[in-house]
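Visitor: So the chains spell out like this:
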Amino acid sequence: MKKYILDLQVVEVSRPHERYVLLKLTDPNGPLPEMMPGQFAQLRVDGSATTFLRRPISIHYMDSTLNQIWFLVQIVGDGTRQLATLQPGDTLNVVLPLGNGFTMPHSVDDRILLVGGGVGCAPLLYMGKAMAEMGCRPTFLIGARTQKDLLQLDLFAQYGDVYVTTEDGSYGEKGFVTQHSLLTGSTKFTRISTCGPKPMMMAVARYAASTATPCEVSLENKMACGVGACLCCVEDTQHGHQCVCTDGPVFPIEELKW
Amino acid sequence: MVNPVMTASGTFGYGVEFQDFVDLSQVGGIIVKGTTLNPRQGNPYPRMAETAQGMLNCVGLQNKGVDHFCEHIYPTIKDLPTQVLVNVSGSSPDDYAECARRIAGLENIPAIELNISCPNVRQGGMAFGVTPEGAASVVKAVREVYPKTLIVKLSPNVTSIVDIAKAVEAEGADAVSLINTLMGMAIDAEKRKKLLSIGTGGLSGPCVKPVALRMVYQVAQAVQIPVIGLGGISCATDAIEFLLAGASAIEIGTANFLDPAISQKVAVGINEYLERHGIADVKDIIGALED
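Chain order of the listed sequences is F and Y. According to the working numbering, the first sequence holds residues 1 to 258 in order. According to the working numbering, the second sequence holds residues 1001 to 1291 in order.
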């Protein structure tokens, strides 16, 4: 898949949560390139003295009709804090699309479970949209600490059924995603794709293994180049050290040493 | 070479990773990832820590070995429209020599760069590069079996880089490249933990440029063979500074991570500088500092 360096223009900036910023961007010079759900972009951070490298951010949503790409960025350090200061009309330099992406359903009858936690929910929205366009209806299982940490449930609900757990029980079922009654019900899923905190993904991977459900996880190891050149972001896999940026970020669980 | 701009080993993969961003025919050469006689897994994750105007890495020469390179990678890169050089590393003079000998048989690889300066492997690597005797022993062994252009990449983690440069020149090196990364460390104060898996790593990026520039200047004064300058070059002006300091060519490293198209931009920018100053040939600015 051809990769591009683009100067995108910020269309809209919102703060759905104190720790997140939602950036909506367009390419003023033409249609955005084709991108796969689960792929990511490297965002250049200007104006932060302590930030040197680009920030790898998953593609949250992509709409070719609007010619928009969305990034949901969790504000963690100086780099992401700087990204949150972008204003409509500003330019953001990005390298994209990078990485492999999620496995798409093979048939419209596939029952795909998309499990997200925190900012890891971001790429699942675009995955849900792409699946809906194929005629599939995904099932979303979203975990958060509390009700106020749940973002954009209405957007997910456009494309599939949404199930929720919160750790304090303030919304949905109380507990972790792997404790949701959906997983002990009668539905047999064709595949599980998950993105979120590592302990959550490990728990999902254990559940998948125990039910012999194919499962893939999206990793976010610390990254420099994003194109497989520096070998910094490696994950120790059954095939040795592999680059999360090019061999991933999505890996089938059987390839990992979890 | 069409111009004096090359890409540094370990920052540009095998070149093909960057073909969406760079017209390789507009770049003088690419130096592909450090290659060793036997496959190496490299160091555990985490291998990278961001620093102010730079980054530390401790990748540790992960590669699939020279035979894999010759059989599987070389056929995919031998016809790239630029000069393709191979960076060679090892843990003994014999290792280096055997690896070099196997690469010498590859028609479209006109030169190798000997990495006697990797700070991230326990055995060998930088150990050879920190004494004139150690550096000379590797170059001597390789020179016996490698007839093509032999570049030796020098470590800045030494008392006198000039002495090392003179030692490898005396053993028949055709050129030196400098600097490799500066050994450094990063710590997470909140977690009270080292940020790199092996504790230390090599520092690169704009923060090392003044050190690199000084060393290139000193070495260029002291040796007759060409000097290739690298260390923090991020734009054409940086590259020109190295040429003025005495480098005959330059390598772009970490800057490839920030802007994958930077190598071609630097080549264009050097030409713009020459035009602006009415200089016909880039050779005329090599070492051309005025008092």
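There may be inaccurate statements among the hints.
Unchecked claim - Across the chosen pairs, the derived CB separations fall in these ranges:
hint, chain 1, residue 1, chain 2, residue 2, range
1, Y, Q1041, F, R206, 21 to 31 Å
2, Y, A1104, F, A212, 46 to 56 Å
3, F, Q9, Y, E1290, 36 to 46 Å
4, Y, D1284, F, G89, 43 to 53 Å
5, Y, E1190, F, Q87, 27 to 37 Å
6, Y, K1078, F, K148, 25 to 35 Å
7, Y, K1148, F, D46, 37 to 47 Å
8, F, R206, Y, D1188, 44 to 54 Å
Said to hold, decoys possible - Derived lysine to aspartate or glutamate pairs resembling EDC-like cross-links, with alpha carbons at most 16 Å apart:
hint, chain 1, residue 1, chain 2, residue 2
9, Y, K1265, Y, D1067
10, F, K3, Y, E1050
11, F, K222, Y, D1023
12, F, K222, Y, E1017
13, F, K3, F, D27
14, F, K2, Y, D1188
15, Y, K1193, Y, E1050
16, Y, K1078, Y, E1107
17, F, K3, Y, D1020
18, Y, K1078, Y, E1144
19, F, K3, Y, D1188
20, F, K198, F, D236
21, F, K2, Y, E1017
22, Y, K1194, Y, E1050
23, F, K198, F, E235
24, F, K174, F, D149
25, F, K2, Y, D1023
26, F, K3, Y, E1107
27, F, K24, F, D63
Think of the hints as simulated: they come from the structure by calculation, not from any bench. We put the CB at the ideal spot given by N, CA and C, even for glycine.
Visitor: Take the hints in turn and mark each one as holding or not.
Guide: Going through the hints against the structure:
Between Q1041 of chain Y and R206 of chain F the beta carbon distance is about 27 Å. The supplied range of 21 to 31 Å therefore holds. For the pair A1104 of chain Y and A212 of chain F, the supplied restraint of 46 to 56 Å holds, since their beta-carbon distance comes to about 52 Å. The beta-carbon spacing between Q9 of chain F and E1290 of chain Y, approximately 44 Å, falls within the hinted interval of 36 to 46 Å. Evaluation of the 43 to 53 Å hint for D1284 of chain Y and G89 of chain F yields a pass: the beta carbon distance comes to about 45 Å.
Remark: the range hint 27 to 37 Å for E1190 of chain Y to Q87 of chain F is upheld by a beta-carbon distance near 31 Å. At about 58 Å, the CB distance of K1078 of chain Y to K148 of chain F disagrees with the hint of 25 to 35 Å. Taking the beta carbon of each, K1148 of chain Y and D46 of chain F are about 43 Å apart, inside 37 to 47 Å as hinted. Under the hint 44 to 54 Å, the C-beta atoms of R206 of chain F and D1188 of chain Y, about 29 Å apart, miss the expected range.
Distance restraint check for K1265 of chain Y and D1067 of chain Y: the Cα-Cα separation of roughly 34 Å exceeds the 16 Å cut-off, and the hinted pair is therefore not satisfied. Taken as a hint, the K3 of chain F and E1050 of chain Y pair is broken in the structure, with Cα atoms around 24 Å apart against an allowance of 16 Å. Proposed proximity of K222 of chain F and D1023 of chain Y is contradicted: the alpha carbons are some 28 Å apart, above 16 Å. Distance check on the hinted pair: K222 of chain F and E1017 of chain Y sit about 19 Å apart at the alpha-carbon level, beyond 16 Å; violated.
Distance check on the hinted pair: K3 of chain F and D27 of chain F sit about 15 Å apart at the alpha-carbon level, within 16 Å; holds. Straight-line distance between C-alpha atoms of K2 of chain F and D1188 of chain Y comes to about 37 Å, which puts the hinted pair past the 16 Å bound. For the proposed pair K1193 of chain Y and E1050 of chain Y, the alpha carbon gap of about 15 Å is at most 16 Å, so the pair holds. With a C-alpha separation of about 8 Å, the suggested pair K1078 of chain Y and E1107 of chain Y falls inside the 16 Å cut-off, and the hint holds.
For the hint pairing K3 of chain F with D1020 of chain Y, the CA-to-CA distance comes to about 6 Å; that is within 16 Å, so the pair holds. With a C-alpha separation of about 25 Å, the suggested pairing of K1078 of chain Y with E1144 of chain Y is violated against the 16 Å cut-off. A C-alpha spacing of about 34 Å is found between K3 of chain F and D1188 of chain Y, which places the hinted pair above 16 Å, so the restraint is violated. For a cut-off of 16 Å, the pair hint linking K198 of chain F to D236 of chain F stands: about 15 Å separates their Cα positions.
The straight-line distance between the Cα atoms of K2 of chain F and E1017 of chain Y is roughly 10 Å, inside the 16 Å bound, and the hint therefore holds. Between the alpha carbons of K1194 of chain Y and E1050 of chain Y the distance comes to roughly 13 Å, so the proposed pair stays at or under 16 Å and holds. Proximity of K198 of chain F to E235 of chain F is assessed by CA-CA distance (about 13 Å); at most 16 Å being required, the pair is judged to hold. Of the supplied pair hints, the one linking K174 of chain F and D149 of chain F holds, its CA atoms being roughly 14 Å apart against a limit of 16 Å.
Our distance criterion of 16 Å between C-alpha atoms is met by K2 of chain F and D1023 of chain Y, whose separation comes to about 14 Å. Among the hinted pairs, K3 of chain F with E1107 of chain Y is inconsistent with the structure: their alpha-carbon atoms are about 31 Å apart, more than 16 Å. Proposed proximity of K24 of chain F and D63 of chain F is supported: the alpha carbons are some 10 Å apart, at most 16 Å.
Checked against the numbered hints above, the structure violates hints 6, 8, 9, 10, 11, 12, 14, 18, 19, 26; every other hint is satisfied.
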